[in-house]
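Undergrad: Sequence:
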Amino acid sequence: MNNRRRYDRFLLPVGYTPVQVHCGAGDDSAIEGHAYDISEGGICFEVDKALTPGQRVGLTITVPGGHLGGESTSAFAVATVVRVTDEDEPGPIQHAAAFLSFPQQKERRTLLEAINSGVFQHAA
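Under the working numbering, think of the first position of the sequence shown as 1, with each following residue one higher.
Think of the hints as simulated: they come from the structure by calculation, not from any bench.
So the derived label-pair ranges between C-beta atoms look like this:
hint: 1; residue 1: ASN116; residue 2: ASP88; range: 35 to 43 Å
hint: 2; residue 1: ILE31; residue 2: ALA98; range: 16 to 24 Å
hint: 3; residue 1: ASP48; residue 2: ARG6; range: 24 to 32 Å
hint: 4; residue 1: ASP28; residue 2: ALA50; range: 17 to 25 Å
hint: 5; residue 1: GLY41; residue 2: GLN104; range: 13 to 21 Å
hint: 6; residue 1: VAL82; residue 2: LEU112; range: 18 to 26 Å
hint: 7; residue 1: ASP86; residue 2: GLU32; range: 12 to 20 Å
hint: 8; residue 1: PRO103; residue 2: SER72; range: 18 to 26 Å
hint: 9; residue 1: GLY118; residue 2: GLY15; range: 17 to 25 Å
hint: 10; residue 1: ASN116; residue 2: TYR16; range: 12 to 20 Å
hint: 11; residue 1: HIS122; residue 2: SER29; range: 30 to 38 Å
Cβ coordinates follow ideal geometry from the N, Cα and C atoms, glycine included.
Hey, can you work out the whole structure from these sequences and the hints?
TA: As structure tokens, this is what we get:
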């Protein structure tokens with residue numbers, strides 16, 4: 001089996017890694033959800049609303065503490081939704097998104113330090 005992933009994925013504590021999805025200009029509301037795993041290249045998360053593959057979104061990701069004296073780390077990224085799973089099933093809908101950019105490079109560095117800290121397990 002060919003693994004197309006360029007970056008190692010890390011499991012995040014389910015229910016303890018909040019994600020806010022910002023869907024577009026002029027829409028100040030955010031969709032609240034939780035992340036499952038993350039890598040340097042993207043994130044897998046769930047929210048109650050189905051997004052569209054190819055849709056560009058803003059993501060505020062809060063990685064739980066444990067790597068920097070127990071404090072949580074937040075970062076904002078612009079991403080493209082690449083996969084939507086189980087949108088016809090009741091309950092939260094799982095999505096995968098690829099990071100396009102981090103408007104603040106400091107947030108990118110902080111997020112990478114958090115996920116590469118050794119605190120989180122590698123995903124299969």
